[in-house]
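Protein chains in written order, with my numbering: chain A, 7 to 120; chain B, 2 to 116.
Read the hints as simulated data drawn from the structure, not as lab findings.
Computed from a predicted structure; not experimentally measured.
Among the hints, a few may not be true.
One side of the interface only, derived from the structure: several residues of chain A facing chain B at Cβ under 10 Å [what the hints assert, rightly or not]: (1) Gly9; (2) Ser37; (3) Phe39; (4) Tyr41; (5) Leu51; (6) Phe97; (7) Ser101; (8) Gln113.
Below, in silico cross-link-like pairs of lysine-lysine (BS3-like), each with a Cα-Cα straight-line distance of 27 Å or less [said to hold, decoys possible]: (9) B:Lys43 to A:Lys74; (10) B:Lys43 to B:Lys103; (11) A:Lys30 to A:Lys74; (12) B:Lys50 to B:Lys69; (13) A:Lys84 to B:Lys103; (14) A:Lys30 to B:Lys43; (15) B:Lys70 to B:Lys50; (16) B:Lys59 to B:Lys103; (17) A:Lys30 to A:Lys84; (18) B:Lys103 to B:Lys50; (19) B:Lys43 to B:Lys59; (20) A:Lys30 to B:Lys103; (21) B:Lys70 to B:Lys103; (22) B:Lys50 to A:Lys30; (23) B:Lys69 to B:Lys59; (24) B:Lys103 to B:Lys69; (25) A:Lys74 to A:Lys84; (26) A:Lys74 to B:Lys103; (27) B:Lys70 to B:Lys59; (28) B:Lys43 to A:Lys84.
Facing chain A, according to a computed beta carbon distance under 8 Å, are these residues of chain B, among others [what the hints assert, rightly or not]: (29) Phe35; (30) Lys43; (31) Gly44; (32) Leu45; (33) Thr52; (34) Leu104; (35) Phe106; (36) Ala108.
Every residue gets a Cβ at the ideal spot worked out from N, C-alpha and C, and that includes glycine.
Each chain is listed here by its residues.
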Amino acid sequence: DAGVIQSPRHEVTEMGQEVTLRCKPISGHNSLFWYRQTMMRGLELLIYFNNNVPIDDSGMPEDRFSAKMPNASFSTLKIQPSEPRDSAVYFCASSPGQANTEAFFGQGTRLTVV
Amino acid sequence: AQSVTQLDSHVSVSEGTPVLLRCNYSSSYSPSLFWYVQHPNKGLQLLLKYTSAATLVKGINGFEAEFKKSETSFHLTKPSAHMSDAAEYFCVVILFSGGYNKLIFGAGTRLAVHP
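For reference, chain B alone in the conformation it holds in the complex (with noise of 0.2 Å):
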């Protein structure tokens, strides 16, 4: 079954430090991974996403993430946090079934930037 593990309901960071928001999943078979972010308010854009290309996905807004087989792992990183990063991250998966997508999304992590 396909499933995701946002390991972080919360990460503070300051300004101008880096960001690490860490997501592991699981899958019988090699997923496609995605991050979302959602903005106060806001309804969710996609940020990046992995399909089996190139393993070091590069995302709006300077965020990047590695997709690591060995480990699991899909995290999402950001040498450089800025204000406006402040926000929900969420991980995703997707169970492609059928002829159908179906998108399974973590529990999200509140990304905080202090000055």
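Okay, chain A solo, but in the shape it has when bound (with noise of 0.2 Å):
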């Protein structure tokens, strides 16, 4: 399996633009998490999906973030409009959903607001 596959790896954009990062997870997985990764913060959980269906958003930071599960293996992370604070690495994982089971990351897509 080619693991969690992450696009973009980069992303640069200016402030007020719309943001789309996507996300295939590990096939017959059916967790998927987004986290935000800054250097003020840490590794913060914005939302994740259990068998596509959104569980717990409530890392996410406003209104102007959104995340679809459309299927199995697909996700998509929205920014719009983007602010500068914004700029984070932001990773994507996956998880065979039993208990106590790892996630599996993602490359990351670094997010560059300007």
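Now that you have both chains on their own, put them together as the hints suggest.
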């Protein structure tokens, strides 16, 4: 398996623009997580899905952020409009979903909003 | 509530000397605990995991960790550091509730290895 695949790897955008980050989880995994990593705040869980359904989105910072999982093999995280403080590395991870199993992380998308 | 505390934000060792990265956890029941490693500009990789089997857990790259319930600790060790071990290390506790796993990360420990 190729692992969790995220695209793009790097994104530079201007403030106010819409940004869409994409994730393909490992086939057969039914849990998917979006994390944000910054120097100041470390790793923050933004949202997680189980069987394509959003379970906990309490970590989504504000209404400018939205996430979807239209099917088991694809998820998006959208920021509209983007702001410089959204600059961070965004990770997607997937997990088989059984009790106490680890999550497998993608390589991340480094977002820079200027 | 589940939580983890990594006691050191930075650890610096010389190549060939032992590594100790400390983690304490808080859990209302017997926890599952992981260590992840993140090399610069890379994703997170699982180093090892404890899921209530043997208390001494061996992982990749010569790392191991010991679960000590009496001390609520899960410290990561390696007998001899390599330059390639320089990375950030995260201690993680799992919250399994309602049929879903939620990973709760510590703040991370940055390991520097000097020649």
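The hints, checked one at a time:
1. Hint status for glycine 9 of chain A: holds, given a least beta-carbon distance of 9 Å to chain B, under 10 Å.
2. Among the interface hints, the one on serine 37 of chain A holds; its C-beta lies about 6 Å from the nearest C-beta in chain B, closer than the 10 Å criterion.
3. For phenylalanine 39 of chain A, the suggested interface contact is upheld, since its CB lies about 7 Å from the closest CB of chain B, less than 10 Å.
4. At about 8 Å, the closest approach between the beta carbon of tyrosine 41 of chain A and any beta carbon in chain B falls short of 10 Å, and the interface hint on this residue holds.
5. Satisfaction of the interface hint for leucine 51 of chain A is found here, the shortest Cβ-Cβ separation to chain B being roughly 7 Å, below the 10 Å cut-off.
6. Proximity of phenylalanine 97 of chain A to chain B holds as hinted, the smallest CB-CB distance being about 6 Å (cut-off 10 Å).
7. A cut of 10 Å between beta carbons decides the hint on serine 101 of chain A: the least distance to chain B is about 6 Å, and the hint holds.
8. A distance limit of 10 Å between C-beta atoms decides the matter here; for glutamine 113 of chain A the minimum to chain B is near 5 Å, and the interface restraint holds.
9. Taking the CA atoms of lysine 43 of chain B and lysine 74 of chain A, the gap is near 24 Å; set against the 27 Å cutoff, the hint holds.
10. Between lysine 43 of chain B and lysine 103 of chain B, the direct Cα distance comes to roughly 22 Å. Compliance with the 27 Å bound is thereby established for this hinted pair.
11. Simply put, lysine 30 of chain A and lysine 74 of chain A have alpha-carbon atoms about 12 Å apart, close enough for the 27 Å limit, and the pair holds.
12. With a C-alpha separation of about 14 Å, the suggested pair lysine 50 of chain B and lysine 69 of chain B falls inside the 27 Å cut-off, and the hint holds.
13. Restraint check for lysine 84 of chain A and lysine 103 of chain B: satisfied, since their Cα atoms lie roughly 22 Å apart, inside the 27 Å limit.
14. Taken as a hint, the lysine 30 of chain A and lysine 43 of chain B pair is honoured in the structure, with Cα atoms around 17 Å apart against an allowance of 27 Å.
15. A threshold of 27 Å between alpha carbons decides the hint, and for lysine 70 of chain B with lysine 50 of chain B the separation of about 15 Å falls inside it, so the pair holds.
16. Using a Cα cut-off of 27 Å, the hinted pair lysine 59 of chain B and lysine 103 of chain B holds, with the two alpha carbons roughly 23 Å apart.
17. At most 27 Å may separate the alpha-carbon atoms for a hinted pair to count; lysine 30 of chain A and lysine 84 of chain A meet this at roughly 15 Å.
18. Between the alpha carbons of lysine 103 of chain B and lysine 50 of chain B the distance comes to roughly 15 Å, so the proposed pair stays at or under 27 Å and holds.
19. Taking the CA atoms of lysine 43 of chain B and lysine 59 of chain B, the gap is about 23 Å. The hint holds against a cut of 27 Å.
20. Between lysine 30 of chain A and lysine 103 of chain B the CA atoms are separated by roughly 19 Å; this keeps the pair inside 27 Å, and the hint holds.
21. Simply put, lysine 70 of chain B and lysine 103 of chain B have alpha-carbon atoms about 21 Å apart, close enough for the 27 Å limit, and the pair holds.
22. Using a Cα cut-off of 27 Å, the hinted pair lysine 50 of chain B and lysine 30 of chain A holds, with the two alpha carbons roughly 24 Å apart.
23. For the suggested pair lysine 69 of chain B and lysine 59 of chain B, the alpha carbons sit about 15 Å apart, so the restraint of at most 27 Å is met.
24. With a CA separation close to 22 Å, the supplied pair lysine 103 of chain B and lysine 69 of chain B stays within the 27 Å bound.
25. With a C-alpha separation of about 8 Å, the suggested pair lysine 74 of chain A and lysine 84 of chain A falls inside the 27 Å cut-off, and the hint holds.
26. Between lysine 74 of chain A and lysine 103 of chain B the alpha-carbon distance is near 18 Å, which keeps this suggested pair within the 27 Å criterion.
27. Proposed proximity of lysine 70 of chain B and lysine 59 of chain B is supported: the alpha carbons are some 18 Å apart, at most 27 Å.
28. Of the supplied pair hints, the one linking lysine 43 of chain B and lysine 84 of chain A holds, its CA atoms being roughly 22 Å apart against a limit of 27 Å.
29. Proximity of phenylalanine 35 of chain B to chain A holds as hinted, the smallest CB-CB distance being about 6 Å (cut-off 8 Å).
30. For lysine 43 of chain B, the shortest C-beta to C-beta distance to chain A is roughly 7 Å, which falls under 8 Å, so the interface hint holds.
31. With 8 Å as the threshold, the beta carbon of glycine 44 of chain B comes within range of chain A, its nearest partner Cβ sitting at about 4 Å, so the hint holds.
32. Residue-level restraint check for leucine 45 of chain B holds (minimum Cβ-Cβ distance to chain A is 4 Å; threshold 8 Å).
33. Below 8 Å, beta-carbon pairs count as interface contacts, and threonine 52 of chain B has one with chain A at about 5 Å; its hint therefore holds.
34. Given the 8 Å rule on beta carbons, the hint for leucine 104 of chain B holds: about 6 Å separates it from the nearest Cβ of chain A.
35. Below 8 Å, beta-carbon pairs count as interface contacts, and phenylalanine 106 of chain B has one with chain A at about 5 Å; its hint therefore holds.
36. The beta carbon of alanine 108 of chain B is positioned within 8 Å of a beta carbon in chain A (closest approach about 5 Å), and the interface hint is therefore held.
When held up to the earlier numbered hints, the structure conflicts with none and fits them all.
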